[in-house]
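Residue numbers (numbering that gives the first Met the number 0), protein chains in the order written: chain Z, 0 to 393; chain F, 0 to 389.
It cannot be assumed that every hint is accurate.
Once the Cα atoms are required to be at most 20 Å apart in a straight line, the calculated DMTMM-like pairs of lysine to aspartate or glutamate come out as [to be verified]: (1) K143(Z) <-> E56(Z); (2) K181(Z) <-> E149(F); (3) K143(Z) <-> E327(F); (4) K117(Z) <-> D73(Z); (5) K302(Z) <-> E219(F); (6) K97(F) <-> E76(F); (7) K222(F) <-> E222(Z); (8) K143(Z) <-> E149(F); (9) K220(F) <-> E25(F); (10) K223(Z) <-> E219(F); (11) K104(Z) <-> D73(Z); (12) K120(F) <-> E76(F); (13) K222(F) <-> D29(Z); (14) K120(F) <-> D69(F).
Short, incomplete list of chain F residues facing chain Z, as computed with Cβ under 7 Å [as the list claims (entries may be wrong)]: (15) F185; (16) G306; (17) K355.
Quick caveat, the hints were computed from the structure, so don't treat them as lab data. A virtual CB, placed ideally from N, CA and C, is assigned to each residue, including glycine.
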Amino acid sequence: MKRMMNMNRFINIRRIWAVASKEWLEIVRDRLFFALSFIVPVVLMLLFGFGLSFDVENLPFAIIDRDNSALSRDYAFQYINSRYFDFKGYAFDQRDLDPLLTDNKLRMFIVIPEHFQKQLLNGRPVTVQTHIDGTYPFRANTAKGYVSAINHSFSMSLMTGHFSKRYGLRPDNVQTILQPVKLGVRYLYNQSLNSIWSVAPKLIMAILLISPPFLTALGVVREKESGSIYNIYASTVSRLEFLIGKLSPYVLISSINAVLLFVFARFLYGAPFKGDLLFFALATVLYVICTTGIGLVVSVFAKTQVAAMIVSAIVTVVPAALYSGVIIPIPSLSEYAQVAAHLLPAMYYTQIVLGSFLKGVGLAALWPDVLILGIYAVILFLAGYLLFTKRPRA
Amino acid sequence: MNHSIPSVDHRVSVWCRKLYVLTIKEFLQLFRDIILMVFIVYAFTLDIYLAGSGVSLQLNQASTVVIDNDHSAASRELIHRFRPPYFHLDKEIASGRKGIAQLDKGDEMMVLDIPPRFQEKLLNGEQTTVQMQVDTTNTVLGLLATSYGENIVGRFGLEAGLSRAGLSSDVLNTAPNIVDAHRIWFNPNQQDSWFMSVTEMLTIISLFAILLPAAAMAREKEKGTVEQLLVSPLTPFQIMFPKVLAMTLVILAGTAVSLFGVLELIFHVPVQGSLALFFAVTTLYIFTSAGIGLFIATIARNLAQVGMLTILVFAPMIFLSGAWTPPEAMPVWMRFLMGLSPLHYFTDACLGILLKGAGMSIIWDSVAGIMVVGGAAFCLGLWRFTRQFD
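Let the hints inform the model, and build the full structure from the sequences given.
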């Protein structure tokens with residue numbers, strides 16, 4: 000009996016339960032907060048899912064046609080008919096277009112030079128100037144790619160005609176001279192190049208990185224700021240019991256959110272899920288424990304709720320967007336950012352999410368990521384445990 | 000003894016003193032929260048530096064593995080054209096299955112597969128196909144890799160085909176084709192750091208502009224110190240305005256630090272437009288965004304609610320700012336929502352002033368947008384705030 004008591008000194012389930020249910024009641028009774036803790040992730044998922052698109056389409060553009068010939072109109076139609084570009088009209092003077100580019104009314108304009116048709120029919124190359132708004136570098140890049148693809152195919156058809164006339168060859172023979180090597184491209188994991196399929200699973204990762212630390216940090220610092228933490232300092236509840244009890248409601252809420260987000264990704268956005276559901280569920284809970292742990296560590300340092308909010312926003316939102324592989328794959332990051340990426344749990348969970356959704360791989364391929372998440376959770380809780388003290392300095 | 004009614008001068012000076020004293024109070028409260036101050040400094044310096052330096056949305060050394068089934072001079076020639084800055088040849092492997100496994104793990108981004116008898120077919124004038132497998136879990140980069148790959152292979156094929164036909168590549172100069180000439184405006188070398196650091200700065204400004212006043216107000220409520228303010232001879236405006244003023248000054252100082260210290264000094268962002276205009280627009284924006292914060296503070300009863308409501312407002316604002324997804328790529332109903340995000344106008348105006356050198360004649364519509372949307376939020380916030388005192 001006595002030995003039992005000794006064992007219970009460290010971890011007493013009933014005391015943990017007491018702390019957890021107190022916390023749970025506090026959360027539920029703050030009806031607005033309770034509602035928001037579910038509404039916020041769902042709203043984020045809807046907004047980002049429906050609107051976050053990296054497809055560069057409908058670029059507003061204009062054409063200055065200084066040649067105004069049959070061939071130049073034919074060339075212009077290659078752009079006008081493309082779904083990547085949104086034709087805003089012909090212009091005569093470049094000075095009219097410059098301010099429109101500055102004003103975001105146009106993203107691009109093309110200048111077809113004089114004698115365009117004459118030069119080409121005489122078998123001479125013609126330079127076509129494209130002016131692209133470079134404020135958003137990746138979109139400028141993509142637009143450049145479209146332009147050179149259109150120019151390439153237009154040149155090829157011109158040259159095929161030209162060479163077959165000049166050397167008396169059949170057009171398909173000319174083609175093997177001009178294009179003896181073809182490129183067969185296979186898009187893996189996302190064959191339709193449907194952006195939302197690749198974005199939706201990653202949103203689960205990003206939202207579960209942002210929302211749990213926020214909830215947790217607020218919950219713990221609230222007790223500090225309102226002074227109710229002195230009840231804990233004076234109670235028989237041990238540090239470990241307090242932390243476990245305090246955090247478990249937040250892990251629970253975030254896990255429910257994870258289910259909601261999964262349902263959205265799977266059924267609203269129709270992202271395919273090829274992996275093992277049980278494995279994914281367990282890995283997700285592990286990840287949620289990690290991100291809750293981030294909130295715990297933040298809350299140990301912050302004295303006011305304002306500080307807790309700012310710190311968790313900055314510590315999680317920026318990395319969630321930039322370093323977790325949502326926008327750019329990790330190998331493309333700079334060295335600094337790579338270090339930052341490897342320090343965060345998000346990157347490992349991204350592998351798990353993508354593996355489970357799009358690639359259909361399981362524990363066999365992903366065990367290192369799961370292991371790292373596990374280590375991460377232990378370190379965070381250890382740090383929280385060691386830094387949290389019931390004897391604060393005044 | 001003088002019992003006469005205080006002069007107008009006297010009333011104005013008392014009014015100003017009240018404002019002054021309360022503004023000082025707000026400053027003190029802010030500066031004494033050490034962790035908060037540390038993070039404000041961090042946000043305006045290191046955070047913007049990290050965002051600007053760490054990220055490249057361009058295809059940068061995409062790791063590529065090669066399956067060379069031909070091992071000929073021609074295949075080696077082609078493979079070696081996949082080189083930095085766009086591609087990085089990682090290694091050569093024997094089988095396609097192994098390549099897929101590497102893609103599965105996320106180690107590699109691309110597999111280039113050269114068929115057997117590649118050189119032989121080239122010399123015989125037969126068409127041959129090189130396979131490229133691209134990991135498109137990241138759509139943007141997947142498309143860029145494809146587009147660059149097509150360029151490389153097309154160029155290689157053209158040269159090989161011409162030389163087989165006994166023609167030098169000089170014939171291209173006497174053949175009708177279109178030569179690409181690009182002029183990339185406003186950012187000729189397409190430095191991602193310019194765009195990234197400016198947008199990050201605008202994001203940070205927005206975060207603080209909403210959160211700081213909201214939190215300051217809610218804290219007074221939660222701690223009960225608002226009761227003291229209520230019984231003091233202060234109008235609601237006098238209670239609210241110093242908060243907004245103090246926060247605005249702190250955020251403006253932070254903005255100046257990051258503009259001169261990080262953007263100009265480290266990333267060499269060429270500030271094209273008028274700095275006075277930039278700071279004027281920023282001040283206007285911070286002021287009007289504070290209205291959103293005050294509105295939040297009137298709904299929330301405690302700071303935790305403020306936090307959640309702020310995220311609920313702030314995240315859509317960033318998202319609808321047009322920095323990540325431009326209006327033309329949005330569904331139509333989203334475009335209407337964008338009109339409601341003051342950050343959208345602010346982003347347009349600031350990118351315009353800083354990178355494009357736009358003046359008031361071009362950004363006037365964005366400034367008007369900030370005034371209308373932000374002004375409406377500010378009035379709503381002030382109205383709800385005043386009502387609380389009745």
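Next on the checklist: Between the alpha carbons of K97(F) and E76(F), is the straight-line distance 20 Å or under?
Outcome noted: Measuring from Cα to Cα gives roughly 23 Å; hence the hint is violated.
Checklist entry - Keeping to a limit of 20 Å between CA atoms, is the pair of K220(F) and E25(F) held or broken? => result holds, 15 Å
Checklist entry - Within a Cα-Cα threshold of 20 Å, do K143(Z) and E56(Z) meet the stated pairing? => result holds, 13 Å
Item to check | Given pair status - E219(F), K302(Z), alpha carbons within 20 Å | outcome: holds, 16 Å
Item to check | 20 Å limit on alpha-carbon distance, applied to hinted pair K120(F) and E76(F) | outcome: holds, 15 Å
Next on the checklist: Hinted pair, alpha-carbon criterion (20 Å max): K222(F), E222(Z). Please report holds or violated.
Outcome noted: Holds, because 13 Å separates the two Cα atoms, which is no more than 20 Å.
Checklist entry - Do the numbers back the hint for F185(F), that is, is its least Cβ distance to chain Z under 7 Å? => result holds, 5 Å
Next on the checklist: What's the verdict on K223(Z) and E219(F), does the C-alpha distance respect the 20 Å limit or exceed it?
Outcome noted: The given pair, whose Cα atoms are some 16 Å apart, holds under the 20 Å limit.
Checklist entry - Between K143(Z) and E327(F), does the CA-CA distance stay at or below 20 Å? => result holds, 17 Å
Item to check | Agreement of K181(Z) and E149(F) with the hint, judged by alpha carbon distance not exceeding 20 Å | outcome: holds, 8 Å
Checklist entry - Given the proposed pairing of K222(F) with D29(Z), does the C-alpha separation stay at or below 20 Å? => result holds, 17 Å
Next on the checklist: Hinted pair, alpha-carbon criterion (20 Å max): K143(Z), E149(F). Please report holds or violated.
Outcome noted: holds, 14 Å
Checked against the numbered hints given earlier, this structure breaks hints 6 and 11; the rest are met.
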